[in-house]
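Now for the letters of each chain:
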Amino acid sequence: MQYLAVFFLAMELAHRVALGVVMITVIILSVVLTVWSERRVAAFIQHRVGPNRVGPFGLLQPFADVMKLLFKEDVVPSSANRFYHVLAPMISLFAAMTTVAVVPFANGIAIADVNVGMLYILAITSLGVYGLTIAGWASNNKYSLLGGLRSSAQMISYELAMGLSVVSVIVLADSLNMTNIVESQTANPLYWNCFRNFLGFVCFTVAAFAECNRAPFDLPEAEQELVGGYNTEFGAMKFAMFFLAEYANMIVASMVIVTLFLGGYQVPFWSEAPWFVQVGAFAAKTVLMIFVFIWVRWSVPRFKYSQLMNLGWKSLLPLALLNLLLVAAGVLLLGGK
Amino acid sequence: MPNDYLLSLPILAAAGWSVLLIILEAMLSRAALTRVFAMLGFALVGGLSVIGFPLQGLAFSEMLRIGGFQHFANIIFCLSGLLVVALSEKYLDDENVHYGEYYIVAFISVVGMMLLAAAANMAILFIGLEMMSIALYVLAGLMRRDVRSNEAAMKYFLLGAFASGLLLYGISLIYGATGELALHKIAIAIQTGSASMLFWIGFGLLITGFLFKISAVPFHQWTPDVYDGSPTPAAAFMSTGAKAAAFSALIVVVTNFSTLLQNSPTWSLVISSIALATMVVGNIAALAQENLKRMLAYSSVAHAGYMLVGIAAATPDGYSGIMFYTLVYTLMNIGAFGVVALLESKENLLLASDYAGLFKHRPMLAGAMAVFMLSLAGVPPLGGFIGKYKVFAAAVDAKLTWLALAGVLASAVSAYYYLRVVYFMFMRDPVGEAISAPATSSLAFALIAVAVVLLGVFPTEILRITDAALKFAQLPTQTGF
Amino acid sequence: MDVSGILFVFLGAQIIVATVGTVWSRNPVTSALFLVLNFFALGGLYLLLEAQFIAVVQVIVYAGAIMVLFLFTIMLLNLDNERALAEKFDLRKGFAVLLGGVLLVELLYIIGLKTPIPIKQTALTTVQLGEAKYIGRELLTNFLFPFEIVSILLLLAVVGAIVLAKKNFTTSPKS
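Residue numbers (our numbering), protein chains in the order written: chain A, 15 to 351; chain B, 4 to 484; chain C, 24 to 198.
Heads up, some of the hints might be wrong.
[Stated by the list, open to error] Estimated spans, in silico, between C-beta atoms of each pair:
#1 C:Leu121 to A:Ala24: 44 to 52 Å
#2 A:Arg316 to C:Thr96: 56 to 64 Å
#3 B:Leu23 to A:Val35: 53 to 61 Å
It should be emphasised that the hints constitute simulated quantities derived from the structure, not laboratory data. From a predicted model like this one, the values you see are computed outputs, not experimental measurements. C-beta: ideal position from N, C-alpha, C; glycine also.
So here's chain A without its partners, still in its complex pose:
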């Protein structure tokens, strides 16, 4: 019996590891696709053509870029702290990749469906700051340092509004578990949190943009002032890792927004949908969110630093607090769902 138990444990573990490997591959592939679509959509918005030479519709362009980065020399500035210089991109990538562990892709399909899934996401995102801060510091370059400090200040500021809007979701779902949060939104789109909790949806999305350092919050890498920001001194694959982390962050953020506010894997008006349909619905919604990310980046100009901080502390935070108050009052008066 004991051996049987160990066997089942091992099977369970293998199942999870396999799922994890699949997810990492999927994310890396989607990063490739996202980079391509970012350039194509940008070109479309700016009335250009965009990359269209390598492969059909230029689809193989990102692979060509990766090849180029792979063969570049790995340079570490002589005055930089070598160990941290290598460590920084790893931390960034690690944080971006591990967040996905608790996201359910269909009912019952998640790498780790833990009780405190939502808090896990907040914890891991809060660790992503280290990658940027250390990158900025280890480069021993004032532009890098300023970029690193800017990005971490930005992330810390927006984490508050993000956390508060997450709390409003938790209050609605009465659970920290991601699957429960999705289940609580039911298959009726009117019950999805983006309608039930509209203000929270707006706050969270804006905060997620800032957390991903995406335009209009991409001050850390404002070329005019800071050259490349924290990754000025990074080249070759280390740069590619930051790049990868940035896009992985964006994809994972889209997934989290979908899970929390857009009904996750729920298929509209089909509550007992088979798992592959649910995964499809989840993917479709995620692609939609990614498109919004790209769309905003190429339509909205960058903030000034003071505007960014004002928005975070003086608008978003009070708004998120107000929203929490409203949602909690609503749950109290209407008795939950």
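Add chains B and C to chain A, keeping to what the hints say.
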């Protein structure tokens, strides 16, 4: 059984009032107005404690223990806060640091003190201690352009954080040993089982945290530097309100475990030796001080020693004596610090010799200062004498005659440095130009001095109240009183 | 030894290494990062005790927020003059080592005594005790008063920090 809210009304009112002060300061930012409201708040909270004096019981899931003892302590804290706030304005104006936030921070500090006295649970004990201490760190560093003020804040903060760490570690060990956070439940858990080594070490660390706050001897080194560098009114506040609060908490903790402690000769020996060392070191170091602020700092170490004698006696009489002592000490020490603050103009007239001939210029002020000094020295018939008499008498009753004797000898030594100030004020001719001070404040000091005298001449009323307060203190029944 | 035993040894070793690293490393950034590692391992220990909520909050609050601000300060002050931080061995340090040693011996002695640690019997399993729901209920019932009064403490900390740190802090007009 009175209602939770009614029972803890002074604390709740104080907490609410502190929020009101913050809003007031944020909206209007008028330091003078905030000051008036802070004084009103102290009066209100003190008044509520007076009205609610007979109320007793446990409140909020046995988190707070309210009784006469707590109400009496609240009155001392509010008195301390009120006097300090009343006397700070000129000093802060002179130093150009008259921020409204000063009053807010001082007020919240008093909230922390009230929590300390009312703690029935170690969680509250820790929160109260932190609330009081963090406020004091800020007050110490208020003069931001002054290096010594920065040094004071930094030293106080680092050592205070270390002491808080010890206290917290002690709490966690006690929790580990007994599985309880509520003090009375811990006492029961220890009585049914037996006090393990783990508990004793935790208890030792807990007491160490408090000994730091009252600046008992092995943990007193911060006192002179912090009092010297801090704004003088803040130093007055630290030496009176904060010390009274730490002693209240110490009494609360010690009485909870009194059965255990009475049967422990080690405890008695340890606390007696600390009391002895505190009295001796404080007084001898004070002898050598020329700077009045440092002298008062070491004197406050010495007074902590006298009060510890009451703890060592471990009888209701001793605790009642400590309560009386803290009341008198609050009055006389704030008076002394207040006079120093008043005369400490920008030229830093801080030496005892700077006070030469004060009597000739400002007889009322010099008279009040003389009363404070004599009372601190414990000269009958002033309040300070009665306080010392009570704690030493309790020690004699508890068969600690040697400790009482040492206390008396230490007081005799202390007379030298207190009387030196009086000697300079009355016997010497003034050097240089006259010390200027506004006439109105002399009256305030005269009033405090009168109070100190009255406490010395008619102590029975107050002593009856402190005795009654201890009976109302709702101490665990097994302690025997 | 079962799986949780192995994990405990692993995490414990990590905590010890990280703690020693925090104290010994000359570079303040390295010290701070060792401390982060320490908090991580501590979170892991909480997980072993089935306290999921506390574990995650430990990581969010300490590793995610407090230590980032620490790093910030270190980097802004540019504390990389490592030699200035290295002190000579003096009497006071020796005394500190002695006291630390005494404390260590005491603790080892207690552990050696194997004092039975009382465990409160409740109707709930450890997993339920570690859940956010249980902690939340406890905070808003039995621990309501401390929970609420801490907000005053935090308010005080904010006001105090602003008083001490704000640039060009203005005094009110003299009365």
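Earlier hints that do not hold, by number: The structure conflicts with hint 2 only, although it agrees with all the remaining ones.
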